[in-house]
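My request is simple: use the sequences and hints to build the entire structure.
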Amino acid sequence: MAVTHDVPPQLDELVSTAHRIREAVESVVEGKSDAVRLTLTVLLAEGHLLIEDVPGVGKTMLAKALARSIDCPVRRVQFTPDLLPSDITGVSAYNQQTREFEFKPGPVFANIVVGDEINRASPKTQSALLECMEEHQVTVDGVTYQLDSPFMVIATQNPIEMEGTYPLPEAQRDRFTARVAMGYPEPHAELEMLDVHGGASPLDKLQPVATTAEVRTLIEAVRGVYVSQPVKKYAIDLVVATRHSPDLRLGASPRSTLQLVRAARAHAALAGRDYVIPDDLQDLAVPVLAHRLLPSVEAQGQRRLPEQVVTDLVRRVPVPETRAS
Amino acid sequence: MRLSVAAAVATFCAAILLYPLFEGGSWFWGTLGAVLAVLAASMLSGRLSLPAWAAPVVGVIVLWIYLTASFAAGKAWAWFVPTKASVVELARLLGTGWTDIQRFAAPVPANTGVTLLTCGGVGLVALLVDLLAARMRRAALAGLPLLALATVPATILADPISWPAFVIAASGFLGLLLADGRERVGRWGRAVLVRRTTRAAAPQPPGAAGRGARAAEHVRETADTRGLRLSGKRIGFAAVVLAVLVPAALPVMEPVSFFTFGVGGRGPGAGNSISIPNPIAGLRGQLELPEQRVVLSYTNSDDKPRYLRIYALDTFDGEQFSMTERKGSPDNRTEDGPLPPPPGLSRGVPVSNVVTDIRISDEITKLSFLPLPYPPRQIQVDGDWRADVSSLMVFSTRDEAAGLEYKVSTSEPAPTSELLKSLPHSRSDLDARFLKLPDDLPPEIRALADQLTKGARSDYDAAVKLQEFFTRTGNFTYTLETQGHGNSALKDFLLRSRAGFCEQFASSMAVLARLAGIPSRVAIGYTGGTKVGDRWVVGTNDSHSWPELYFEGVGWLPFEPTPTGSLGQGSARVPAYTVPPPDSVGDSSTPTPGATSNSADEPLSPQGRINPRQLDREAALQPVGLPAEEPAPWPAYVGIGVAVLLLLLLVPAALRLLTRGRRLRRLDGAGGTSSKPSRPSKSSHPSGPDGSDGPDGPDGAGGPGAPRTGSGAGVRAVAGRRPNVAAVWAELDDLLLDYGTERGTSETPRALARRLAERYEFDADSAAALTAIASAVERSLFARSPGEIGPMRQDLRTVRRALAATVSRGRRVRAVLLPPSTLRRLRRLGEGLLDGFDRLESLRLRRAAPKGS
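Chains as they are written, first to last, in the UniProt record's numbering: chain A, 1 to 325; chain B, 1 to 853.
Everything labelled a hint here was simulated from the structure, so no lab data went into it. Just so it is clear, the structure is predicted and the values come from calculations on it, not from any experiment. Check before you lean on any hint, since a few could be wrong.
[To be verified] The following residues of chain B were derived to be distant from chain A, with all beta-carbon distances above 10 Å:
no. : residue
1   : S746
2   : A751
3   : L817
[Unchecked claim] Listed next, with one range per pair, are the computed distances between beta-carbon atoms:
no. : chain 1 : residue 1 : chain 2 : residue 2 : range
4   : A       : G56       : B       : R827      : 54 to 64 Å
5   : A       : L258      : B       : R839      : 33 to 43 Å
6   : B       : D733      : A       : E23       : 39 to 49 Å
7   : B       : R801      : A       : P73       : 35 to 45 Å
8   : A       : S16       : B       : R839      : 55 to 65 Å
9   : B       : R839      : A       : Q300      : 54 to 64 Å
10  : A       : Q300      : B       : L645      : 38 to 48 Å
11  : A       : P187      : B       : D733      : 54 to 64 Å
12  : B       : D835      : A       : Q300      : 30 to 40 Å
[To be verified] If we take Cβ atoms under 7 Å as the criterion, some of the chain A residues that face chain B in the derived model are:
no. : residue
13  : D204
14  : S228
15  : P318
For glycine and all other residues, C-beta sits at the position ideal for the given N, C-alpha and C.
Rendered as structure tokens:
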């Protein structure tokens with residue numbers, strides 16, 4: 001076998017815990033190991049995930065399965081056009097017994113928040129959620145409430161259901177660490193799904209395999225993963241390449257660099273490495289960068305999606321010079 | 001504007017080729033001025049958008065004004081506006097220049113007339129080049145006037161043009177062609193992409209591909225001429241290098257004069273003239289003429305052949321002998337009675353008075369010197385002929401000798417050996433120029449002179465020994481094929497080749513005589529010729545050169561170092577008094593038929609036998625003279641050539657081996673420090689939580705339990721510092737290239753390992769070795785501490801074998817003999833060089849940009 005080094009002890013626990021979570025989630029979502037892995041990566045990178053696909057491929061199932069396999073508070077918000085910001089953040093209500101305004105926390109006060117069909121809400125409501133995502137805090141009536149850690153928003157949106165939707169503006173898409181497309185399951189996975197889901201929902205049988213504290217430790221361990229200078233430079237090269245590509249109208253932001261490296265740390269840790277290699281960045285470039293980019297008119301004319309552009313860029317940008325060490 | 005400048009530069013570069021024709025540098029600055037004047041005119045007419053026909057007119061006017069201001073300012077109005085007087089003055093100067101050029105041997109003194117002529121000529125060429133290149137846009141055609149300029153020295157001088165001068169001239173013309181090409185492409189755009197410079201194509205680190213694309217867009221707008229410039233430079237550079245190197249590499253490349261200036265017609269319709277403008281250059285030309293042509297004929301009172309001298313060359317500049325300016329005052333006219341007395345001849349020396357009737361052939365042209373026996377006392381000739389006091393050359397500034405018939409009486413000194421031996425060694429009244437030698441004369445020649453004249457009791461003894469050296473003991477051979485002039489040529493003749501014709505013999509003996517303290521000069525003229533009927537007939541093949549040595553009391557005496565007879569200058573004869581006296585030579589006394597001799601001494605045959613004593617002397621010479629090179633047989637040359645070619649072909653392979661050896665040594669050096677005894681060969685952990693973990697489990701073939709190659713021998717590890725895995729990585733890169741695959745720029749180590757293992761279906765060992773290398777590289781580059789790294793030499797070997805097994809035999813052989821990795825490195829070196837040139841050029845352009853072009 002190729003690995004000639006041992007997995008560092010501090011990552012030992014991480015790898016096994018992550019393995020347990022993945023197995024638990026995959027027992028519910030069949031044949032989507034890439035999406036599951038990415039979801040876990042985003043969780044450990046303290047980011048938020050945008051799941052985009054046609055209805056009925058298991059977006060909500062994935063979000064719920066992840067939430068259930070970790071023993072932590074999970075809230076689900078179904079976004080509708082008439083949803084108000086206070087429906088998310090919570091309201092101060094007058095308590096007649098105490099004769100005081102009392103804060104009633106909204107669904108955002110949880111470790112994992114599942115926002116279903118996020119693009120159906122009005123921009124005002126969307127932005128309320130996105131503010132929480134970025135700052136990990138909620139301010140209602142001048143009082144700031146800290147959100148618990150870990151805090152992860154898993155939002156789903158339907159790309160083709162244009163009717164009655166408010167597409168997420170670029171600025172708000174930028175806050176999601178990664179976007180994943182579920183895709184239709186393989187036939188054999190679908191068959192298995194029929195067998196398993198035929199009786200009861202497997203979600204009900206899912207038992208939590210990790211605690212919040214454990215996840216917090218994992219996140220701490222991920223923060224300690226080493227990123228060498230050449231790899232940082234490579235990350236910057238990749239991001240800068242999107243800004244200069246003639247196929248893109250809007251390149252990736254500095255925030256995306258930050259999130260790319262953070263996600264790469266988690267990716268490396270999940271692989272049992274305590275250092276990031278360019279391969280991590282290459283694997284994550286499309287999910288982390290593509291949803292932030294706007295294709296140019298020419299690229300649109302050629303029906304080139306941002307995903308393809310990013311793939312091309314990854315193929316073109318040279319990896320850190322491996323000679324001059 | 002660019003074209004005008006390029007045309008001016010090209011003209012001036014070609015004009016530099018004229019340097020061997022002149023003495024002094026005034027012509028250089030004058031020529032530069034003329035070229036600049038034409039350039040100014042060209043730019044003026046360009047600025048005023050004058051029609052094409054007007055440009056040369058403006059050019060001629062500006063050139064005229066320039067010449068007037070430079071050469072006839074005193075006669076011009078306001079120093080530069082031409083007046084009638086200034087025109088007359090210019091014409092007069094041109095006339096003198098013309099006659100000077102006709103008269104003097106190159107290098108001619110660059111006096112005003114000659115300089116004017118040169119400046120005017122070069123200015124006209126510059127005009128023509130500018131007209132063709134800048135106005136008519138026929139840059140290639142502009143090469144013709146430049147070529148005409150370049151052929152001037154080539155035809156006048158027997159020497160080949162020195163190669164640096166040629167390179168300069170060629171570069172000038174190339175520059176013109178390049179400028180023309182760039183102008184054209186700049187205007188019409190480029191049809192074919194010739195070369196993308198690495199600067200334009202390579203993605204810069206931060207900008208990556210995006211900036212490259214943007215730069216390309218920018219370039220498209222202004223029609224990039226970089227590629228053109230570059231290929232132009234390449235082709236031009238290659239052409240110049242070939243032009244310089246190929247003639248040098250060929251075994252024998254004699255300069256052949258295409259235009260038989262000064263040598264007389266050779267082919268049909270070439271005119272029946274023989275002119276002698278340059279004594280030295282003319283000499284060989286006449287000797288080489290395939291058919292003999294009659295130059296003159298004579299009769300004399302004692303019916304003996306005599307050398308007829310035309311020129312006496314008295315100054316030696318290290319390259320060749322030449323004439324100082326002649327002093328012939330009107331009172332030395334031949335019609336005014338006897339000539340000045342021969343210098344140095346005292347009354348006590350017996351003389352023989354001879355009267356000679358000479359008739360010069362009608363075919364001779366441009367000969368303004370009279371061929372005369374030495375020393376002439378009185379001449380009866382028509383025309384304004386004057387005698388040079390010191391050399392007794394007789395010349396005219398107006399008349400020519402063709403068809404002349406004249407009578408000359410000479411008083412030839414007839415000294416005996418005894419008399420000459422007893423002469424004193426004092427010559428207080430003689431000009432020092434007859435003893436002057438350049439300072440940079442090679443010391444070997446001085447040593448040779450010292451050795452040859454060792455033990456000589458008098459000047460005469462020394463002179464005789466010198467002549468003996470040339471005719472007998474030195475093993476000289478007579479040949480018309482010689483190379484060049486100069487110190488090196490002199491050295492080569494005296495010490496190495498020992499082959500030449502009369503010019504070399506005469507000059508060398510004159511130099512050696514000066515070294516021995518005997519005043520000397522070189523005479524050029526004709527031998528006595530052959531008797532036809534009752535007249536002595538002298539032809540072109542009798543052209544000759546011989547040294548004259550000065551002895552106080554006797555004056556100038558000719559010597560004859562050139563081999564005579566069938567193996568030498570056929571009609572040359574050895575003067576009787578130069579024959580070594582019996583006491584120094586011994587019993588050799590073979591008479592020479594037809595020797596010029598008024599004395600009783602019997603002359604020696606030049607091919608006389610060498611007695612034992614002379615052999616001894618020759619042996620004593622050996623340390624000084626290098627042995628003549630044995631000509632190797634031609635198969636040896638071919639063999640050597642093939643061997644050199646093979647060696648050259650092996651250079652890339654050798655370089656590759658050297659590189660590999662260096663890398664492996666670095667590897668060993670890194671592995672050798674602070675080694676640990678051993679380690680468990682495998683981590684017990686799986687690579688990732690699940691089996692589908694791509695990045696960490698690149699090899700499906702190896703598997704966790706597969707033993708690692710080389711680990712059994714005791715894995716050495718390097719802790720504490722980064723091991724030198726860069727060497728392995730570079731070596732792996734080169735290996736891939738050699739075996740026909742290549743790592744992509746965005747391919748990471750483990751991606752590469754995965755790809756290779758999948759594509760070539762490596763066996764477990766090879767895949768493991770490859771992965772081990774990739775992993776080591778990855779860790780040493782990206783991990784906080786690289787951890788343990790095994791000995792990769794073995795891994796490298798395994799990978800090499802695995803790679804070699806994937807390709808054909810031919811490819812394997814090529815990978816060893818002509819490794820593409822080394823070839824690529826060489827190519828990059830070359831490209832780097834060219835990029836450097838490009839950078840230089842853009843530097844220049846940027847500075848010139850504000851002026852606009």
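Status of the hints after comparison with the structure:
no.	hint	result
1	S746	violated, 5 Å
2	A751	violated, 6 Å
3	L817	holds, 25 Å
4	A/G56 <-> B/R827: 54 to 64 Å	holds, 58 Å
5	A/L258 <-> B/R839: 33 to 43 Å	holds, 38 Å
6	B/D733 <-> A/E23: 39 to 49 Å	holds, 40 Å
7	B/R801 <-> A/P73: 35 to 45 Å	violated, 60 Å
8	A/S16 <-> B/R839: 55 to 65 Å	holds, 58 Å
9	B/R839 <-> A/Q300: 54 to 64 Å	violated, 40 Å
10	A/Q300 <-> B/L645: 38 to 48 Å	violated, 60 Å
11	A/P187 <-> B/D733: 54 to 64 Å	violated, 43 Å
12	B/D835 <-> A/Q300: 30 to 40 Å	holds, 38 Å
13	D204	violated, 25 Å
14	S228	holds, 5 Å
15	P318	holds, 4 Å
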